[in-house]
Amino acid sequence: NAGVTQTPKFRVLKTGQSMTLLCAQDMNHEYMYWYRQDPGMGLRLIHYSVGEGTTAKGEVPDGYNVSRLKKQNFLLGLESAAPSQTSVYFCASSGLRNEQFFGPGTRLTVL
Amino acid sequence: GESVGLHLPTLSVQEGDNSIINCAYSNSASDYFIWYKQESGKGPQFIIDIRSNMDKRQGQRVTVLLNKTVKHLSLQIAATQPGDSAVYFCAETRSGGGADGLTFGKGTHLIIQP
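Residue numbers (the working numbering), protein chains in the order written: chain A, 17 to 127; chain B, 174 to 287.
Among these hints, one or two may not hold up.
[What the hints assert, rightly or not] Below are the EDC-like pairs computed for lysine to aspartate or glutamate, each with C-alpha atoms no more than 16 angstroms apart in a straight line:
#: 1; chain 1: B; residue 1: K215; chain 2: A; residue 2: E75
#: 2; chain 1: B; residue 1: K279; chain 2: A; residue 2: D54
#: 3; chain 1: B; residue 1: K215; chain 2: B; residue 2: D257
Don't read these hints as lab results, they were simulated from the structure.
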């Protein structure tokens, strides 16, 4: 059981470039989430999904898009990266109990 | 807007002592609370949770207390060890079925003195 995995672990982008972060979970969880964490801050919810084919906006959705084509995968896309999107991104998944399991994070720097 | 917050950004304790980390929340509709531990360079790790129909829950060396009257949550760690050094976050959600994301506080950095 790998739990929640994220790809890539690190990435440096130039302003205006695009990229996709991949999250995968092998726990058969219905719910998946994307958070960002900025220095000295707690995590803030970007987007989430309550099931395959569904997505919803969280607290800070602007500049991001997501897709959940398969139950085990949740993709986070940045169409035109901005320096304000420099952050550490965490994916999480949960079953019906609400307890969320987190991945190891992706550290993104936008120059 | 409503949010979850913590009283202290840093807490320093002696190894072997008990630690108490506090959290205040403002959303009276919150019904599920979780404490997470985050070590440097890693994702948050679940420690313990509690639902709003409970006042206290115990785990291995950890206890969570919930006071709904004053919207206060605390995490007690018994016999603190060096491995307990980390940032601790409280988080809350209003949903009962896991559909919503969590709202996190800013975190308390627990430092263990030898």
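Structure-based check of each hint:
1. K215(B) x E75(A): 22 angstroms, violated
2. K279(B) x D54(A): Given pair K279(B), D54(A) holds - Cα atoms ~10 angstroms apart, limit 16 angstroms.
3. K215(B) x D257(B): Cα-Cα ~14 angstroms, so holds.
Of the numbered hints listed earlier, the single one contradicted by the structure is hint 1.
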